[in-house]
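J.: Place chain S on chain E using the hints.
Chains as they are written, first to last, in the working numbering: chain E, 62 to 418; chain S, 16 to 275.
No lab work stands behind these hints: they were computed from the structure.
Beta-carbon label-pair distances, calculated as ranges:
#, chain 1, residue 1, chain 2, residue 2, range
1, S, ALA168, E, VAL333, 50 to 56 Å
2, S, ALA198, E, SER127, 30 to 36 Å
3, E, MET62, S, LEU108, 52 to 58 Å
4, E, GLN152, S, ARG97, 31 to 37 Å
5, E, GLY97, S, LEU121, 50 to 56 Å
6, S, ALA168, E, THR149, 23 to 29 Å
7, S, ARG125, E, PHE75, 50 to 56 Å
8, S, LEU106, E, GLY97, 35 to 41 Å
9, S, LEU121, E, GLY186, 57 to 63 Å
10, E, ASN69, S, ALA168, 25 to 31 Å
11, S, PRO113, E, ARG71, 45 to 51 Å
Backbone N, C-alpha and C define an ideal beta-carbon position, used for all residues, glycine too.
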Amino acid sequence: MISLQHVNARAGRFELTDISFDVPQGTYGVVIGPAGSGKTTLLETIAGVIRATAGRILLGGEDLTSAPPERRRLGIVYQHAFLFPHLTVRQNVGYGAAANEDLDDVSTRFGVDALADRSVESLSGGERQLVAIARALARRPEVLLLDEPFSALDPRTRNIVRRVLRTVYYERRFTVLQVTHDFSEAGLLGDVAIVLDRGRVVQQGDPEQVFRKPASPYIADFLGAENVFAGMAQPIRAEAPDWVQGHESQFAQYAVAFTTGALTFYALGDVVPGPTHAVIRAEEVSLSAEPSMSSVQNQFRGRIVEIVPAGALSRVTVDASGTPIVSAVTARSVRELGLAVGVEVVAGFKATAVHLC
Amino acid sequence: MRAVATILVALFASLFLLFILAPVVGLVSSGGARGVASLASDHELRASLWLTVATATVATLLGMLGGTPLAYLLARRAFRGRAVVAALMDLPLVIPHPVAGIALLLVLGRSSPIGGVLYQAGIRVASSSTGIVCAMLFVSAPLYVSAAREAFARVDARYESVARTLGDDAWRAFRRVTLPLSARGLTAAAVVMWARAISEFGAIVILTYNPKVVSVLSYDRFTSYGMSEALPVAAILVLFALVPLAALRALRAGGPHPST
Chain E
62 MISLQHVNAR
72 AGRFELTDIS
82 FDVPQGTYGV
92 VIGPAGSGKT
102 TLLETIAGVI
112 RATAGRILLG
122 GEDLTSAPPE
132 RRRLGIVYQH
142 AFLFPHLTVR
152 QNVGYGAAAN
162 EDLDDVSTRF
172 GVDALADRSV
182 ESLSGGERQL
192 VAIARALARR
202 PEVLLLDEPF
212 SALDPRTRNI
222 VRRVLRTVYY
232 ERRFTVLQVT
242 HDFSEAGLLG
252 DVAIVLDRGR
262 VVQQGDPEQV
272 FRKPASPYIA
282 DFLGAENVFA
292 GMAQPIRAEA
302 PDWVQGHESQ
312 FAQYAVAFTT
322 GALTFYALGD
332 VVPGPTHAVI
342 RAEEVSLSAE
352 PSMSSVQNQF
362 RGRIVEIVPA
372 GALSRVTVDA
382 SGTPIVSAVT
392 ARSVRELGLA
402 VGVEVVAGFK
412 ATAVHLC
Chain S
16 MRAVATILVA
26 LFASLFLLFI
36 LAPVVGLVSS
46 GGARGVASLA
56 SDHELRASLW
66 LTVATATVAT
76 LLGMLGGTPL
86 AYLLARRAFR
96 GRAVVAALMD
106 LPLVIPHPVA
116 GIALLLVLGR
126 SSPIGGVLYQ
136 AGIRVASSST
146 GIVCAMLFVS
156 APLYVSAARE
166 AFARVDARYE
176 SVARTLGDDA
186 WRAFRRVTLP
196 LSARGLTAAA
206 VVMWARAISE
216 FGAIVILTYN
226 PKVVSVLSYD
236 RFTSYGMSEA
246 LPVAAILVLF
256 ALVPLAALRA
266 LRAGGPHPST
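Bound conformation, chain E alone:
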């Protein structure tokens, strides 16, 4: 378990301020934040490489705030591996190994036993990361700290390294805290997400919740939400539309009309009247030729202004009365609906898909 309680730390002119979060024993925590938000400083503070100037750091329930790194029973893997260049692969993996069996075990699992006598300078990027992770795990740490370990790898190698790590993690169930600037990584891996910005924790919780309900427009933007609107929220309660009263009566008191530009759409939220932001994930926006009769409460007719293929999905931007609404649809839907720039469609999303922040 990793538990930070009101931790402050300083690295040069950069400061971490009042950092508090828990990553329970055996879970996978992910720290997300833009470049310069203090992610690496945070890991190094937990590792004891940087001294905490205030607060408490508990690892496995033990207060190790002042303990040197070698007493913290953790391993750290940096983005650039930092393999010892004067040692062979086997010497690197075995550097801190608790026993020869651990060295052999991780070497086999990570497939680095075949590289044993090679110089680390001759390794590819993926092999280096595998060796770096194997080196950290050979010591059987209770906590593994990963500083963007996959970001320098090509997609195929990334998947291989990630899969191997995941397998060992499920077997040994140590606690992991991984730093990334890529939210898709967090959603893919994490049990707990911690969003860091300018040295402070700005949001934490279940990655799905953080993704769906970012605490601020900034976080929404950083997490890649395509539809972030500034506008005015107005609780409507008594005038709640039929769909609220008829289906989910307990929602009535939270019914909100949100106006942005020429659009007004329904949302649910406990907000005071006034300016706020609405966030809608592109995946939550559906496109159809005609308004549907389904439970999709917000439907706006508009014209497609852009289609950007992005992997399996395409990002389709619809201009609805001057407000751009982005929808993520499959390539198959693009074909079947005959979507193209200039085509008129209806963009729809549920009130529950709108997150006000």
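T.: Here is chain S on its own, set in the frame of chain E:
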């Protein structure tokens, strides 16, 4: 226009190179052969050469002993007054070396408090090989500290961080990781210091005229017997200086530190 500029640059570079090389080549061609030949017959020259090598080596070892931790601290630790310490370490490089000799004589001479205590303890600094070592150490150690600091700075501190999380305490991480990774740079730093030490004259001549190191011997022969007697000694010193230069080249040919 561009061709003219290229010719001018090449001309100035050649003239500069000639300015540096001509005296050295002249010296070696005039006295080199006689210098090598006199090594067999000139007992004073042999003794002087041995004294120079021995004192420069001792000074370098002492410089490494004290300068390595200091260089490491300057490279790795942010502490109050670091800039002042770094500036103070550079001071011997900018003061004239006879002035350095006078300063050392002031502190270590028999009539000074420290020199007096040392003398009572049987350690004579002035006019002894100890004085030569002190003078060499004073003027050349800053070169070692500066180069060693660079060598440590080139090794990313995260290698040590990783070693610490793998169970090493600070000293063990230094010994197992930082030292091997900076070894080439530290050796180069020591070679530079040693080379500077064997060529020192100004501080040594004030502190210890006798016994004579090679630089003082060449000066002594020049003032006592003239150019012809000084030439072989001076040429030997120049030939000798080629040893550390060749060593430096070999070290640098090994390439930069890998960042793996």
